[in-house]
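Trainee: Here is what each chain is made of, one letter per residue.
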Amino acid sequence: MLARITAKIRPPRALAVPFPLGFPLGEANNRELQTAILRKVLALLERDDVPVLEKFVEP
Amino acid sequence: MVETGKLSVGLRDFLKTYPWRRIDPVPKASLSKPISECNVALVSSAGFVVPGEEPFSDSVRGGDYSFRVIPDDVDLQSLEEYHHSDSFSHAGVEADRNMGLPLDPLHELAAAGEIGSVAPRHFSVMGAITAPNRYVKQTLPVIADLLVEDHVDIALMVPV
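Chains as they are written, first to last, in the working numbering: chain A, 1 to 59; chain B, 1 to 160.
Any given hint might turn out to be false.
Stated by the list, open to error - Quick list of in silico lysine-lysine cross-link-like pairs, DSSO-like style, CA-CA up to 30 Å: (1) A:K8 x B:K137; (2) B:K16 x B:K28; (3) A:K40 x B:K28; (4) B:K28 x A:K55.
Stated by the list, open to error - In silico contact screen, one side only, chain A against chain B (beta carbon under 10 Å); selected entries: (5) R10; (6) A14; (7) F23; (8) P24; (9) E27; (10) A28; (11) L33; (12) L38; (13) L45.
Hints in this document: simulated from the structure, not taken from any laboratory. Glycine included, every Cβ here is placed at the ideal spot set by N, Cα and C.
For reference, chain A alone in the conformation it holds in the complex (with noise of 0.2 Å):
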């Protein structure tokens, strides 16, 4: 995703994830680190104060 169109765009929450177009969940049969970025996906719920756009940072 780019992170300076989703700035221009404003969605209420997203999150930047370093990774290239096409690999939204990191790395292919990586179970760990895909639910890791849905974990931190799902954290963006409990702000209130949009727009967010956080950046994930692996573990």
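Using the hints provided, position chain B relative to the given structure of chain A.
Mentor: Relative to chain A, chain B alone:
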């Protein structure tokens, strides 16, 4: 995150000149219960279709704004991908459909009690829609109604 400098010149030029819609005001939906009690659905722009169903079309001007229902118990790897953009590698999605519709990780979160449940159906739309008005005004309200019908508390959008 992907920096625009790493994209092709043509794609960079398109992204620079495209009239991006600015959401204003930004809608806010707040949690009414803990995430561990929420029913969660996925909405993916990977252009996935259940085998045997109608493919997304690449001849609709401005992008195919239809959607497909993906049952939660689908054989995930059987999903066919119709995202036509050549601006990114499809290798990840081809190797593992969870890259576009992360059902397996979602079920892991449900099994661990981190979310309440996984919705009975999810939704796929096309990505790379350059004329999104019909998508916003016609498609999304229908998907929203179906999410309400399924008592979904959280819908996660997976952009591909």
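Trainee: Which numbered conditions among the earlier hints are violated in the structure presented, ordered from lowest to highest?
Mentor: none
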